[in-house]
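In case you want the letters, here they are:
2 protein chains.
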Amino acid sequence: MSAPGTLFGVGLGPGDPELMTLKAHRLISAAKVVAYPAPDDGPSFARSIAASIIPPDAREIPIVVPMRLDRYPAKAVYDRAAAKIGEVLSAGQDVVTLCEGDPFFYGSFMYLFERLSGQYPCEIVPGVTSLTACAARLQRPLTARNDVLTVIPGPLADDDIRARIDAAGAVAIMKVGRHLKRLQALLADMGLLQHAGLVERATLPQEVVLPLASVTAETAPYFSMILIYKGDEAWMLPPQSSS
Amino acid sequence: MSAPGTLFGVGLGPGDPELMTLKAHRLISAAKVVAYPAPDDGPSFARSIAASIIPPDAREIPIVVPMRLDRYPAKAVYDRAAAKIGEVLSAGQDVVTLCEGDPFFYGSFMYLFERLSGQYPCEIVPGVTSLTACAARLQRPLTARNDVLTVIPGPLADDDIRARIDAAGAVAIMKVGRHLKRLQALLADMGLLQHAGLVERATLPQEVVLPLASVTAETAPYFSMILIYKGDEAWMLPPQSSS
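Chains as they are written, first to last, in the working numbering: chain X, 1 to 243; chain U, 1 to 243.
Think of the hints as simulated: they come from the structure by calculation, not from any bench. Mixed in with the good hints, there may be bad ones.
Stated by the list, open to error - With a straight-line cut-off of 30 Å between C-alpha atoms, the simulated DSS-like cross-links for lysine-lysine are:
{"#": "1", "chain 1": "X", "residue 1": "K75", "chain 2": "U", "residue 2": "K230"}
{"#": "2", "chain 1": "U", "residue 1": "K75", "chain 2": "X", "residue 2": "K230"}
{"#": "3", "chain 1": "U", "residue 1": "K32", "chain 2": "X", "residue 2": "K175"}
{"#": "4", "chain 1": "U", "residue 1": "K230", "chain 2": "U", "residue 2": "K181"}
What the hints assert, rightly or not - Sample of chain X residues with no beta-carbon within 12 Å of chain U, all distances over it, derived:
{"#": "5", "residue": "G42"}
{"#": "6", "residue": "A82"}
{"#": "7", "residue": "P205"}
Remember, it's a predicted structure, so these values are computed and weren't measured experimentally. Just so you know, even glycine gets a beta-carbon here, dropped at the ideal spot from N, CA and C.
Given the sequences, and given the hints that come with them, work out the whole structure.
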């Protein structure tokens with residue numbers, strides 16, 4: 001009986017494949033088995049970030065999670081995926097799990113981790129989060145000196161979001177998605193609309209970077225974020241440059 | 001007169017050179033001019049992360065900031081550094097500025113950025129932050145589902161820290177340093193000492209990962225962080241693995 005394999009949770013960064021770490025690149029390029037989350041109605045975003053370096057002969061284990069408004073828990077899906085991955089690990093083979101952003105920052109990898117980390121060695125490879133990728137694209141520092149940063153999921157109720165924004169120095173609202181109009185109205189009511197920027201699909205070719213006040217769409221993608229610069233002068237779209 | 005060069009703020013990640021992004025690696029490897037913060041009493045941490053890939057013939061501009069308890073503002077230092085870097089940019093040459101972690105996440109790059117971004121094209125390359133690197137080393141998910149995350153600088157007063165921890169779902173306390181004993185006492189008083197972990201110098205060879213309750217030192221390095229898992233069972237040190 002061989003030693004068990006290691007479960008790797010590998011952060012891929014926000015989307016631009018060049019924002020992957022060297023370590024992620026090394027582990028994926030040499031992987032014999034890769035796992036990744038995938039929706040039931042299209043390609044896997046995580047897989048797409050790493051697609052060019054997944055070895056052609058690697059075994060792939062997609063974890064197909066139905067994409068519904070109420071996304072979690074998808075208990076049975078993760079139970080089955082953990083059982084399948086556990087078999088591979090028990091046979092002594094490592095499994096490299098591809099994770100958008102960072103595995104432990106609002107990621108679905110935790111559902112595998114909580115099922116498998118007690119039985120098998122695990123290693124987490126951190127990645128660039130959408131949080132700092134969005135600040136980079138908005139060209140405004142996220143936090144400095146002794147700022148308190150609060151990261152708020154957009155689905156929370158207005159009263160809760162309002163109180164948390166009041167108390168914070170720097171604010172990021174994640175998972176804007178279908179909450180866009182409501183959040184715009186709330187920030188307008190708080191006098192903060194001119195101090196907020198929206199980033200959709202940061203660092204990807206389809207990226208959108210806009211002052212929140214100028215956004216007219218009804219909804220934003222799930223992968224979108226509002227950053228609020230409370231202390232700053234009113235928002236102006238930065239000049240963009242790219243390399 | 002040539003077009004001006006671009007000011008790059010390049011995140012290097014938390015310390016392990018392999019946690020640099022592919023983009024950071026490409027930009028630094030090809031740099032003609034690199035700038036970086038350096039203390040007046042030792043080597044530059046940022047430069048050390050990238051040391052093996054800085055071209056031998058690159059011009060280096062260290063930004064020497066006196067390391068005092070009250071570190072900022074070091075206005076004159078950044079005024080001079082911005083003037084020197086501005087000359088290089090005006091001459092049409094790019095400047096790659098090396099930043100520990102992420103340039104816009106509690107970083108000193110903002111002092112250059114605020115002086116130069118109005119006059120020259122800038123590009124920010126986000127990096128892996130200590131926030132998720134520490135969560136990775138502690139082997140516990142930082143945030144999930146609709147958790148609100150609050151990042152608190154350790155130098156804040158006890159009353160302020162206490163109120164923010166009470167209100168948050170997940171908590172990170174940055175810049176623990178000389179505030180270690182005070183923070184330990186505060187968390188003990190709040191009944192959270194058994195739910196907290198300390199990471200010093202995440203991902204570096206000198207890294208320390210400990211349950212906060214077992215830490216006996218009087219102080220921690222400036223680059224150290226406490227993560228608090230309020231909802232979890234009491235803390236147990238995870239089994240470590242490495243690749």
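Going through the hints against the structure:
no.	hint	verdict
1	X/K75 <-> U/K230	holds (23 Å)
2	U/K75 <-> X/K230	holds (23 Å)
3	U/K32 <-> X/K175	violated (40 Å)
4	U/K230 <-> U/K181	holds (20 Å)
5	G42	holds (23 Å)
6	A82	holds (15 Å)
7	P205	holds (15 Å)
Hint check: a violation occurs at hint 3 only; the rest are consistent with the structure.
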